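Engineer: Here is what each chain is made of, one letter per residue.
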Amino acid sequence: MRTVLSEIDVSIRFPALFFVIAAILWLVVGTGLTLINALQSYQPSFMSGCEFVTYGRLYPAATNAMLFGWGCNVIFAIGLWIMARLSLAPIRSGGMLIVAGLFWNFGLKVGILGILAGDLTGAEFLEIPGYATPLLLISYALIGAWGILAFRARQGQGAYVSQWYILAAFFWFPWIYMIAQFMVVWFPARGVVQSITSSWFAYSFQNLWLTPMALATAYYVIPKVIGRPIHSYALALLGFVSLALLGSWTGMVQLIGGPIPVWISSVSIVAAVMMVVPAITVALNLYLSVKGERTAVWRSPALRFVMFGVLSYFFANMIGSLMAFRSVNVITHFTTFSLGQNQHLVYGFFSMVMFGGLYFMLPRLTNREWPSVRLIYCHFWGSALGITIVVVSLIFGGWLAGNQMNDATVPFLEVVESMLPWLKIHSMGVVFVAIGHLAFIINFLWMLFATGFIRAKQGPTLLGSANQEGAA
Amino acid sequence: MKNLPLLFCGILIALAFSFTGLVLSSYIQLGSLAQTTEVLDEIGNPVAGDPLYPAKMSGSAQQGKAVYTDLGCVYCHTQQVRRAGYGADIEREWGKRHTVARDYITQGSVLLGHQRIGPDLMTIGDRHSDANWHHLHLYNPKITSGGVSTMPRYAFLYETRTIEGSASVHALQFEADSNYAPAAGYEVVPTDRAEALVEYLLSLQLNYSLPEAQISE
Amino acid sequence: MSDEQHTKDNDEQELHDALMREQDEPSNGSSPVPIFILFLFAALCFWGGVYLIQYGGHFHKDAYTFDYNPYAEVAVVQVSLFDRGAKVYNAQCSACHQATGLGIAGAFPPLAGSEWVTNHQESLARILINGLNGPIEVAGKQYNGNMPAFGPNGLNLKPLEIAGVLTYIRQSWGNQASDVTEATMITYMDQYGSRGTPWTAEEVVVDLSAEPVSAAPAAEPVPVEAPAAEPVPADAPTEVAAAH
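Residue numbers (the working numbering), protein chains in the order written: chain A, 1 to 472; chain B, 1 to 217; chain C, 1 to 244.
Same shape as in the complex, but just chain A (with noise of 0.2 Å):
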C-alpha cells in the first residue's frame, strides 16, 4: 500500500508543485494587493494619484487574486492529491494538468490586469472581464475532468467523506461558474435579477467549492496525523449532506432589505439560520476525532493549522447564521461586519485548513522536510494573530458603525469618522498575516531549492520538542 501510495505522490508530483508555487505566487500578490488596499481605506492619498490604483480597483483585485489565484490553484493542487491518493490511482499525463494550469493562471493574470485596466464587470467575484473567463472555464474542465476520472478509477467500491466533498464541489463549481457568467456577463440578465444571481454566485462559491474542499483536506489530514478513524461516519454524511442542501440556498442573505420581494430574502435567512446544522456537525465530527491527542494537535504543524481553521468554521458559521436574522442584519447589513465575516470564512477557515494541507502534502511530494521550525511558528502565529484582529476590527467596527448610521441623528462623516480606528487596526491585522505568509514562503523556498543539510534532515519537523515519534 505504501508503494502505491509513493508511486501516486510520484506521478502528481510535478503538476501539484506546479499548483502550489503558482498558489505561492498569486498569495504574494494577493497579500501585497490587500495591503495597500488596507492602507488605502483610512488613508485616502494613499496612492490615489494613478488610476490603475485607486481603491475601486484594488479592492477587486485583491480578492480577485486571493480567491483565484491562491484560492484555487491551491485547492488543485491539494484537491488533486487527495483524490488522487483516496482513489488509490496513480495520475496519468500529469503534463496535461500543467498545461491546464498553465492556462488558467495566464486567464487570470489577464483578468486581474484587465480589472486594474477598468474592466472590471462590477458583480462580486465576477469582476474578471468576460474576455478573460472564457479561458479560465476551459482550463478548469481539464482539471475538473482530471479529478473526476480518478474518483472513476478508483479501487474499491465505497467512497471516503473527502472523496465526496471533493467530487460535489468539482462538479458544482464550473456550473455555478458558468450560470454567473452567462447570466451577469455576458449576456447580463435584466435588472435585479443579475444582482440575484451574483450573490447566489457568491455565496454558492464560498460554501459549494471553498467549504467542500476545506472540509475534505481536514477529514484527510486529522486521521493521517492522529492514526484514528473519524469519529463517526452518520456525522459525515449528515453534514456533507446538510451542506449540500443549504449551501447554495443562503446567497439572498445579501439583499435583505433591497428592492426584491420579501420572500427571496426570507428563503435564504432560513437557509442560513439552518446552515448551524451543517456546522455542529462538522465541527463536534473533526472535534471528537482529536479528542485526547491535544498533543498531537499542537506539535503537528498541520494539525495546528486545520485544527485552527475547523473552529473558524465553526464561529463563522455561528456568525454568519445570526447575522441572517433581519433584526440583526438591519445593523450589520453594508458595514464592515460582514467584510468580517467573509475574511472569517475564506481566510480563517478555507485559507488556514489548506495551509495545513500544504503542511502535511509538500514533504510527501518533495521529499524533504520542513527547514525550520521558527519559520512554522512564524507563519501560525502571524496567521492566526493577524486574522483574529482583521475579523474582530471589522466586526466591532461595522456592530458600531451600522449602530449610528441607523440613527438618522448621526451626520454620515461621523460615522465615516468613527470608523478610523477601526480600519486601523485591520491593517495591523493584515500585516501580521503579510509577515506569516512571509515566513511560509522563505520556509517552502528554503525547502524547495533545499541545500545539503536540508536534504540530510529526518524525522518530521514538528512543533514544542522534536524527540518524540509521531506522525506529522
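I should point out that these hints are in silico values taken from the structure, not numbers from a laboratory.
The hints are all genuine.
DEER-style ranges, computed between Cβ atoms: (1) A:W298 to B:Q62: 57 to 67 Å; (2) B:D192 to C:L40: 52 to 62 Å; (3) A:T409 to C:P148: 47 to 57 Å; (4) C:I35 to A:L311: 19 to 29 Å; (5) B:Q205 to C:V205: 40 to 50 Å; (6) B:V169 to A:G49: 25 to 35 Å; (7) C:D67 to A:L311: 36 to 46 Å; (8) B:G185 to A:L413: 24 to 34 Å; (9) A:R294 to B:E93: 49 to 59 Å; (10) A:L113 to B:D192: 18 to 28 Å; (11) C:D67 to A:A153: 53 to 63 Å; (12) A:R152 to B:D192: 54 to 64 Å.
Quantities reported herein were computed from a predicted structural model and do not represent experimental measurements.
Here a beta-carbon is modelled for each residue, glycine too, at the ideal position from N, C-alpha and C.
Chains B and C: place on chain A using the hints.
Structural biologist: For chains B and C alone, coordinates are given in the frame of chain A:
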C-alpha cells in the same frame, strides 16, 4: 458511501434545487417587468398618455455609468433605498420611498452595492443637483466634507492647466479662500470622463412613484 | 521488510521517510449521530416553515413589505375626465398647441377662445379621430397645416383619453362648454374610426347629428388641480410647454 449513482444524483439535484428556487423563479417573477406609469388605470393597465417610469438614461449618463463601473465606485457606495422602518435610509433623506425591482430594469448593469463606506447614491442627483459640487467632490472629496472624507481623490479625472485668456466655463469653481484651489493663473478643468460621470450622478433621481411603491407626501 | 533489506535500502527508506511513518489511509468510525443534532435539524425545519409563512409575503412578486395583501387594490386612482385630459394634453398636444392653449401664430391654431372647440362635439371629435388638413380659420386668423389623427388609424388613443382631452380643452383657458363623455366618444369612434383620410375644414362641419345632451359645467371650470386653467395674459405667449 457505496451508492455512487445516488451520490451523483444528490450532487446534481442539490444545485439544481437552489438554482430553480432562487435564480429561475426570480427570473420568472421579475424578468418581465416593464416600464409603467405612476398609477394604473381602473383595469390595471398603465395609464395611456402618462410618462413611463423608470425613464431611460441619456447617452452621456450611460457613458458616465461606464466610468462609475470602471473606477469601482460600487465597492463603497450602494444604490438602493431600504423601506421605512428598516434602517434609517428614508429618515436620512436618501430617498422618498424604498426602491423596488422595477427601478432597475432600464440599467444595463445593476450596481446595487454591498458596502456603505460612503452614503447611498440612489438619489444623489436629487440631493446635490449642482454639477460643480460633484466636480469638486470628485476632484478632492475633502473639499466638500470638511476634510473628513476617506474617499480617494479622483484628480486624474481632471486637468490643471494655465488659464489662457479668460477662465473656461467648465472650470471648477472653488470657494474664495479654499486651500484646495489651484495656484493663481491655473484652472482645473474636467475631462470628458469627469463630465460624463457627473452627468450620470445627476441623473440618479427617484422622483417618481410606481404602482407598487408610491411616494407618500 | 526483512533486516537485510532494511540495511540495503537505507537510501530508499530515507527518501520515503515521510511516507514510511504515515498512518493508514483514513477510515470512518461508526458512532451514531447524537440525538440532539437530529432534534435541532427538525426544530429548525419547523421554525423555517413558520418563518416563511410570516415573512414570505405570500411569495408574491410585489410584496416588498410584510403586510402586503395581494388581494388589496393596486394603486388605482379614479381620474376625472378633466384631469385625465390634462395629462393627455400635456403629453400629446401641448407641443404644438402650447400649454397656454394659444398655439403659435401662423403655425398652430389656438384652442383658447376657439369656436371649433366650444361648438359641436362631433366636429371636434372628427378632427381628433381622423385629423384635419388644409386651410382653416380660427379666431379670425388663417392657418394651413396638418393635424395628425389620434384615432385607430393614427396615434390610437383610447376613447376615454380622447373624451378626456376634449373635456379639458373645452373647459380650460376661459372656454366653457360641456363635457365629452366616454360613451359619446365610443359612438363617434365606431362611426369614424375606420376613416382613413383627414378632414378638411369644410367637410368636418357637414352632416352633424344632434348634439348629445350632457350637463354644462359650472360657471367656471373647477378642476381639483388647476395646471393652467387661468386665462393666460396676452403678454406671456412664449411659454414653452412640457415636451411630450
